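> What follows is each chain in one-letter form.
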Amino acid sequence: MLIQLARGSLSNRLFAVSLTVFTIAISIALLVLVEQMRSQVREGFQRSVSGVDLIVGAPTAPVQLLLYSVFGLGDATANVTWTTYEELAKARTVDWAVPISLGDSHQGYRVIGTTAEFFDRYRFAGGQNLAFDQGEAWTDLFDVVIGAQVARQLDYELGDQLELSHGAGNVSLMTHAGQPFTVRGILAPTGTPIDQSLYVSLEAHHAIHIGWERGVPRPGSGLTPEQARAAEAELQPDAVTAIFIGLTTRAAVFGLQQRINDYPNEALLAVLPGIALQQLWRITGLAERILLVVAGLVVLAGLLGMLTALLTTLNERRREMAILRACGARPIQIAGLLLLEAFLITLAGLVLGVLLAYGLQLAAAPWLLAQFGIAIGAAWPEPTLLLVLAGIGVAGVLVALIPATLVYRRTLADGMQVRQ
Amino acid sequence: MTDAAAAEPLLRLTDLRYAWPGASAPVFDGLNLRVAPGEAVFLAGASGSGKSTLLALIGGLIAPDAGRIEFAGTRLDALKRAERDRFRAEHLGVIFQQFNLLPWLDPVANVLLGCRFSKQRGERAGDRAAEARRLLAAMGIDEAGFSRRADQLSVGQQQRVAAARALIGRPDLVLADEPTSALDRDRRDEFLDLLFGEVRAAGSALLFVSHDRELVDRFDRVLELDPLKARGATC
Numbered sequence: 001m002l003i004q005l006a007r008g009s010l011s012n013r014l015f016a017v018s019l020t021v022f023t024i025a026i027s028i029a030l031l032v033l034v035e036q037m038r039s040q041v042r043e044g045f046q047r048s049v050s051g052v053d054l055i056v057g058a059p060t061a062p063v064q065l066l067l068y069s070v071f072g073l074g075d076a077t078a079n080v081t082w083t084t085y086e087e088l089a090k091a092r093t094v095d096w097a098v099p100i101s102l103g104d105s106h107q108g109y110r111v112i113g114t115t116a117e118f119f120d121r122y123r124f125a126g127g128q129n130l131a132f133d134q135g136e137a138w139t140d141l142f143d144v145v146i147g148a149q150v151a152r153q154l155d156y157e158l159g160d161q162l163e164l165s166h167g168a169g170n171v172s173l174m175t176h177a178g179q180p181f182t183v184r185g186i187l188a189p190t191g192t193p194i195d196q197s198l199y200v201s202l203e204a205h206h207a208i209h210i211g212w213e214r215g216v217p218r219p220g221s222g223l224t225p226e227q228a229r230a231a232e233a234e235l236q237p238d239a240v241t242a243i244f245i246g247l248t249t250r251a252a253v254f255g256l257q258q259r260i261n262d263y264p265n266e267a268l269l270a271v272l273p274g275i276a277l278q279q280l281w282r283i284t285g286l287a288e289r290i291l292l293v294v295a296g297l298v299v300l301a302g303l304l305g306m307l308t309a310l311l312t313t314l315n316e317r318r319r320e321m322a323i324l325r326a327c328g329a330r331p332i333q334i335a336g337l338l339l340l341e342a343f344l345i346t347l348a349g350l351v352l353g354v355l356l357a358y359g360l361q362l363a364a365a366p367w368l369l370a371q372f373g374i375a376i377g378a379a380w381p382e383p384t385l386l387l388v389l390a391g392i393g394v395a396g397v398l399v400a401l402i403p404a405t406l407v408y409r410r411t412l413a414d415g416m417q418v419r420q
Numbered sequence: 001m002t003d004a005a006a007a008e009p010l011l012r013l014t015d016l017r018y019a020w021p022g023a024s025a026p027v028f029d030g031l032n033l034r035v036a037p038g039e040a041v042f043l044a045g046a047s048g049s050g051k052s053t054l055l056a057l058i059g060g061l062i063a064p065d066a067g068r069i070e071f072a073g074t075r076l077d078a079l080k081r082a083e084r085d086r087f088r089a090e091h092l093g094v095i096f097q098q099f100n101l102l103p104w105l106d107p108v109a110n111v112l113l114g115c116r117f118s119k120q121r122g123e124r125a126g127d128r129a130a131e132a133r134r135l136l137a138a139m140g141i142d143e144a145g146f147s148r149r150a151d152q153l154s155v156g157q158q159q160r161v162a163a164a165r166a167l168i169g170r171p172d173l174v175l176a177d178e179p180t181s182a183l184d185r186d187r188r189d190e191f192l193d194l195l196f197g198e199v200r201a202a203g204s205a206l207l208f209v210s211h212d213r214e215l216v217d218r219f220d221r222v223l224e225l226d227p228l229k230a231r232g233a234t235c
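Those protein sequence lines, which keep their order, are chains A and B. The opening position of the first sequence corresponds to residue 1 in our numbering, with each subsequent residue numbered one higher. The opening position of the second sequence corresponds to residue 1 in our numbering, with each subsequent residue numbered one higher.
The reader is advised that the hints may include incorrect statements.
[Said to hold, decoys possible] Derived CB-CB ranges, DEER-like:
(1) Arg149/B / Gln371/A: 35 to 43 angstroms
(2) Leu314/A / Arg148/B: 23 to 31 angstroms
(3) Gln4/A / Asp186/B: 32 to 40 angstroms
(4) Lys119/B / Pro366/A: 26 to 34 angstroms
(5) Leu314/A / Ser24/B: 29 to 37 angstroms
(6) Ala182/B / Gln4/A: 22 to 30 angstroms
(7) Gln4/A / Arg68/B: 53 to 61 angstroms
(8) Lys119/B / Glu288/A: 34 to 42 angstroms
(9) Asp193/B / Leu311/A: 40 to 48 angstroms
(10) Arg149/B / Leu297/A: 21 to 29 angstroms
(11) Leu362/A / Ala182/B: 27 to 35 angstroms
(12) Leu311/A / Ala138/B: 40 to 48 angstroms
Keep in mind the hints are simulated off the structure, nothing from the lab. Predicted, not measured: the structure shown is a model, and the values here were computed from it. Yeah, the Cβ is synthetic: ideal placement off N, Cα and C, and Gly gets one too.
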C-alpha cells in the first residue's frame with residue numbers, strides 16, 4: 001500500500017529521481033569496478049603461474065624477476081649462464097628445469113626461446129596442462145609455436161612464415177631478416193600471458209643471435225637457415241634469461257632457494273612465484289586502498305546527493321503530507337513513506353551501478369587481455385563485496401532518517417493544515 | 001432542527017480548552033458544541049477565528065488541553081495519538097479549501113486514499129474501486145476524467161473528487177473547511193447540490209465551515225463560532 005504511494009511519488013519526480021539514482025549508480029559502479037578489477041586481476045596473475053616452484057634469474061627485485069619471466073613486463077638486466085642451468089637441472093631435489101631466453105618479439109608479441117619440455121611442464125589455472133589447438137611442438141630448427149591470441153590477432157595458420165624482431169615492443173628497428181620461422185603449432189587459449197607469446201627452441205634463439213653479440217648484427221656474420229640447420233648440434237647457448245624449476249617435493253623449496261641465493265659461482269636470485277606475487281600485491285595494495293577510499297567517498301557523495309534531493313522536496317511535499325494525514329495516515333507512516341522512497345532510490349542505484357560496473361568490466365576485458373595477457377570475466381561478486389553493497393543499501397535508508405525525522409516532526413506540528 | 005440536536009449526539013465537545021503551544025491566549029476556553037448523526041451544520045466564523053483549530057481537534061490531530069471530545073461514543077481526548085489517527089481514518093472525511101489531491105495520482109486512486117488507512121472503512125466501501133467510480137460519477141466526474149492525473153482537472157472537478165474521497169466508506173462525519181471558496185457561484189452551487197446529495201445518501205453528518213452566509217439555507221443548523229469560544233456560551 002505504501003509502496004504504491006512511494007512509486008507514484010517517485011515517478012512524479014522522475015527526472016530528479018533519475019538523476020539521483022544515476023549519481024548513486026555511478027558511485028556504486030566505481031566501487032564495484034575497483035573491487036572486482038582488483039580481485040580479477042589478482043586471480044588472472046595467480047592463474048598464470050602454477051606448477052612452477054622456483055624461478056631463477058640474475059639478481060634483481062623478486063617482483064621484477066617474476067614480472068619479466070612470466071608476464072613479459074619489463075626486461076631482464078642480466079642472464080644466467082648455461083653451466084649454472086645444467087648444474088641446477090642436476091640438483092637432487094629438482095624434478096625438472098626449463099630455461100627461457102627473452103629479448104625478441106614479433107609485432108609486439110614476446111618471443112620466448114625455451115626447450116620442448118616447457119610445453120609439458122608449464123601449468124596454469126591451478127594445474128592445467130598446455131595443449132596444442134593445432135599442430136605440435138617444433139620439429140625443425142626454424143619452427144615456431146604461437147599462443148592463441150597471437151594466432152587470432154595476426155591471423156596465422158599452420159605453415160605460415162614469420163620473421164622475428166630484435167628487442168621487445170611494437171616498434172623494433174632490427175629484424176632477424178632472412179631467417180623466417182614456420183608456424184608449427186598453435187596453443188589452445190589459456191587466459192594467461194602464454195596466449196600472447198611465441199615460442200622457439202633455445203637453439204633457434206641462439207642461432208638467430210649469432211653475430212649479434214654487440215646488440216646489432218655484425219655484417220656478414222649471420223647464419224643462413226641452411227648453415228644453422230647444418231650446425232644444429234653445436235647450437236648451445238652460453239646463457240639464458242631465467243629458469244623455471246619444479247621440485248620432486250615442495251618441502252625442499254626453501255632449502256633449494258637458500259642454496260641458489262648463496263650460489264658460489266654466480267650471483268643468482270630464486271623466488272617463489274606465490275611469494276613474489278604477494279609482494280607485488282603489497283606494492284599495489286596501497287594504490288588499491290586509495291582507490292577504494294576514493295570510491296567509498298564517491299558513494300558517500302552519492303548518498304548525500306540523495307539526502308539533498310529528498311530534503312529539497314520536503315517543502316513542496318508538505319501539502320501531500322497534510323492530505324495523507326487527513327486521510328488518517330499516521331506520522332510514522334508518512335516518515336516510512338520517505339524511508340521507502342530512499343530505499344527504492346538506493347536499490348535502483350545499486351542495481352544500475354552493478355550492471356554498469358559489469359558492462360565496463362566486459363568492455364575493459366579485451367584491453368587487459370591485449371596489454372597484460374590477463375583474462376578477466378564477469379565473476380559473481382565476492383561475499384565481502386555483496387556485504388558492502390548491502391551495507392550501502394542500509395546506509396541509504398539511514399541517511400533518509402534525517403528527512404524522515406523532519407517529516408515526522410513536521411506532520412505532527414502541521415496537522416491537516418499546511419503552514420507556510 | 002433542535003430535535004436532531006437533542007437526540008444522542010454523534011459529536012459532543014464539552015468545555016473544550018485549547019491554546020497553541022507558546023501562545024499566550026487560548027483559542028478556545030470552554031467551548032461546547034454538538035452535532036447529531038446525519039445532521040448538516042454550518043459553522044460560521046471569520047478567518048482567524050479558530051475554525052481550523054477546531055477541525056484539527058475534532059479530527060484528532062491535536063489533543064485539547066482540557067475538556068472532552070466525544071465522537072460516536074468514544075472519548076477522543078483520552079485516546080493515544082496513533083489511536084486518534086486510526087479513528088480519523090475510520091470515521092471522518094475531510095475536504096480542504098483547495099489542493100485536496102495528490103497531483104500524480106488519478107481521481108480513482110485519490111478517492112481510494114480515503115479508505116486506505118482504515119480496514120473497517122475499506123470494508124464498508126465494499127468493492128472499493130467500483131465504489132470510487134460510483135462516487136466520482138455521482139459527483140459529476142465523467143469516465144474520461146478517471147484516468148487523468150488529478151492536477152489536470154479543473155479546480156471545480158478537483159473539489160468534487162475531494163468530496164468523493166471524503167465520502168468513500170460512508171464516514172460518520174464529513175469535515176469541510178471552506179470547500180467552496182475557490183469556486184465561482186455556479187460551480188459552488190453545483191458542488192453543494194452534489195455534496196448534499198451524497199452526504200444524505202451516505203447518512204453522514206456534515207460540519208461545514210465557511211464565511212459565505214449565502215449558503216446557510218441548505219443546512220439543518222447554523223452556528224456562529226465566535227460566541228461559542230468562551231465559557232458560558234450555549235450551542
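> Hints first: check each against the structure and report whether it holds.
Quick rundown of the hints versus the structure:
Between Arg149/B and Gln371/A the Cβ separation comes to about 54 angstroms, which falls outside the hinted range of 35 to 43 angstroms. The hinted range of 23 to 31 angstroms is satisfied by Leu314/A and Arg148/B, whose Cβ atoms lie roughly 27 angstroms apart. For Gln4/A paired with Asp186/B, a C-beta distance near 36 angstroms keeps the hint of 32 to 40 angstroms intact. Separated by about 59 angstroms at the C-beta atoms, Lys119/B and Pro366/A break the suggested range of 26 to 34 angstroms.
The beta-carbon spacing between Leu314/A and Ser24/B, approximately 30 angstroms, falls within the hinted interval of 29 to 37 angstroms. The given range of 22 to 30 angstroms is respected by Ala182/B and Gln4/A, whose C-beta atoms sit roughly 28 angstroms from each other. Our hint of 53 to 61 angstroms for Gln4/A and Arg68/B is violated, since their Cβ atoms are close to 38 angstroms apart. In this structure the hint that Lys119/B and Glu288/A lie 34 to 42 angstroms apart at CB is violated, the actual value being about 55 angstroms.
The hinted window of 40 to 48 angstroms between Asp193/B and Leu311/A holds, with their beta carbons roughly 44 angstroms apart. For Arg149/B and Leu297/A, the Cβ-Cβ distance of about 40 angstroms falls outside the hinted range of 21 to 29 angstroms, so the restraint is violated. In this structure the hint that Leu362/A and Ala182/B lie 27 to 35 angstroms apart at CB is violated, the actual value being about 57 angstroms. Range check, Leu311/A to Ala138/B: about 41 angstroms between beta-carbon atoms, so the 40 to 48 angstroms window is met.
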